[in-house]
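Number of protein chains: 2
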Amino acid sequence: MARPRIKDVARLAGVSEKTVSNVINDYEHVSDRTRAAVRQAIDELGYRVNLAGRHLRRGRTGIIALILPELDFSYFGEVATHVIAEAERRGLTVLVHQTLADRQHELTALDGFGSDFVDGLLMSPLALTADDVAERGGHLPVVLLGELIQEGADHVAIDNVLATREATEHLVGMGRRSIVAVGGKEAGGPEPATTGTAQVRTRGFREALQTAGLPYDPAAVLPVRQFRTPDGAAAVERYLAAGHKPDAILCLNDQMALGTLRTLHERGLRVPEDVAVVGFDDVEAGRFSVPSLTTVAPDKAAVARVAVELLVDRIAARAEGLPPLPPRNRVVPHRLVVRESTGGPR
Amino acid sequence: MARPRIKDVARLAGVSEKTVSNVINDYEHVSDRTRAAVRQAIDELGYRVNLAGRHLRRGRTGIIALILPELDFSYFGEVATHVIAEAERRGLTVLVHQTLADRQHELTALDGFGSDFVDGLLMSPLALTADDVAERGGHLPVVLLGELIQEGADHVAIDNVLATREATEHLVGMGRRSIVAVGGKEAGGPEPATTGTAQVRTRGFREALQTAGLPYDPAAVLPVRQFRTPDGAAAVERYLAAGHKPDAILCLNDQMALGTLRTLHERGLRVPEDVAVVGFDDVEAGRFSVPSLTTVAPDKAAVARVAVELLVDRIAARAEGLPPLPPRNRVVPHRLVVRESTGGPR
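Chains A and B, in that order, give the protein sequences.
Heads up: the first sequence is residues 0 to 345, going by numbering that gives the first Met the number 0.
Heads up: the second sequence is residues 0 to 345, going by numbering that gives the first Met the number 0.
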């Protein structure tokens, strides 16, 4: 008898090939009964599911690449740690590549580095468009992380507009009326490494102000070159030096918020009494800053788990010769963590 | 005429093959005269030095791997960024792998991930010994980064004992007499991810106290599980809760120092008036913390430049069929940066 294939398992278990693949890849959303049926069929047929065997067939290496803009950015470092843990749980090795949001670097990664040692890519692209991924990424399974809306490819993100709206509503609910956002696109500057993030988060800020009946002044979105600590500190310093007196500052990431806390301290302004501050990302440093930082906490473990699931799925489908899966968008949870910078508990 | 080789260039220029390799790899320590002679010989012979060609010969891929313990650790993220910039300047692509200081992960990396897509490794090992590298790393060029003394392999680091001595002397010079260090090895716990660092930095602390005629109490080296922010915060909290009243705290890295600042703030102690704090690594967050953090600043750009130089050198020697180079130790500069946490300027 010929070596049993995934379709033989599916037929015997009375399920689809996709469901067999889900069981093999240890997905969560398979009922216990279905899982048992598939496992029994696998046993009966002697279908080989061991990882080493799967890697060897069709030249699989068991290596995936994680493509990130900046490695010295706390948020990406923390996401990478979750992705690596999740991938290793599935017997995959992760190699990380930094693109600095450079289009050429992103294309090189999409091309598998001109070699064939990676089975697939998890990618947080900033310069590439969905069309690039669709047109040029055909030969490698790819899953995208991040804020840009990518219709043509698998994509995992939190609901950034909703999250920023909630953070703004928290400030409005404290009675703050003169709220500025830090992290707009710098006019005339180079395309910041965070265009998509700035776009979707600024939209949430604007929507929340409008819902609250507060005026939205585009000048109250302070532009930055990069989403980094010194940029946040400098943007707020310029704004205060011009004589503005905001009572709340919404920073579109935590690193800019940490710079903002520093600037407010240097100007003798109390946080949150004079100015309340909110960040975004829930990086470790914001839990220990003085004051500690209120922030939007994406479920980073869920980002990692779902992204690796989608990629493993796509790699397995390709290895089994199944037709390519349609692009999938997955939204993972977030929550607002209230700390000292907006009057939360110590 | 046969394709000219590096030995033909060396003969014509009247220099060693090593010198030709240095010029090709754009080293700094070659005189202008020698460099000109080598370039002229390269031109006359039509020796091909273009990078693509060099990568293709002998199966070179132009990819090196950077092997680090933890990607969500600010210091490693910053070093990685420097290494990547330096490697890219030389046309090399860097892939980063996280080991979590696990011996099996480090061995897998040393083995080139069971494949042949990397030309060499830059590695910050915590579980492997020099003997491992000598015995098991034979087939790939390797350069080590970090604090462990590694006699059997290329190695780049700052003088950690001297640096910690200077940091301690700075506290003694401020009149502080009751100085504790944070970052000792936890007794009975798992081997911390930083054994070598704890060893060499604790030695510098002890030596400085003895030189100053101050008592050295091993109990004043507070043990931690990991060199991370929560560990630093918790170790100092335990120490203060036991009734101790130090007037200075030397943290063996910045992340623990940021946790220490938080604990002192929660206990209502003023920094530096009541307790002075020093860190190590000069990570970005310490420039913006409240108060800003005095720290030992390793020249990270130099670490990266020298490490990539040594590796490129070793890869080139191998590609040219030269005998293996003997192990080289390189010490790069550091300096103490005095900020608010020890009374420095705002």
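Honestly, the hints are just simulated from the structure, not real lab data.
Idealized CB from N, CA, C, for every residue including glycine.
Incorrect hints may have been included.
[Claimed, not checked] Computed footprint of chain A on chain B, listed as stretches where at least three residues anywhere in the stretch have a Cβ under 8 Å from a Cβ of chain A:
(1) 255 to 268
(2) 277 to 288
(3) 312 to 324
[As the list claims (entries may be wrong)] Simulated DEER-style distance windows between Cβ atoms:
(4) B:89 <-> A:216: 46 to 56 Å
(5) A:158 <-> B:38: 57 to 67 Å
(6) B:89 <-> A:213: 46 to 56 Å
(7) B:300 <-> A:216: 54 to 64 Å
(8) A:300 <-> B:115: 40 to 50 Å
(9) B:89 <-> A:89: 54 to 64 Å
[As the list claims (entries may be wrong)] A few chain A residues that face chain B, going by a derived Cβ cut-off under 7 Å, partial list only:
(10) 44
(11) 79
(12) 96
(13) 324
(14) 326
A quick look at each hint next to the structure:
1. 255 to 268: holds (count 6)
2. 277 to 288: holds (count 5)
3. 312 to 324: violated (count 0)
4. B:89 <-> A:216: 46 to 56 Å: With Cβ atoms ~48 Å apart, the hint holds.
5. A:158 <-> B:38: 57 to 67 Å: holds, 58 Å
6. B:89 <-> A:213: 46 to 56 Å: Distance hint for residue 89 (chain B), residue 213 (chain A) holds at roughly 53 Å.
7. B:300 <-> A:216: 54 to 64 Å: violated, 41 Å
8. A:300 <-> B:115: 40 to 50 Å: violated, 34 Å
9. B:89 <-> A:89: 54 to 64 Å: violated, 35 Å
10. 44: Violated, about 30 Å.
11. 79: holds, 5 Å
12. 96: Cβ of residue 96 (chain A) sits 6 Å from chain B, so the hint holds.
13. 324: violated, 27 Å
14. 326: Hint on residue 326 (chain A): violated, closest Cβ of chain B at ~27 Å, above 7 Å.
The earlier numbered hints that this structure contradicts are 3, 7, 8, 9, 10, 13 and 14.
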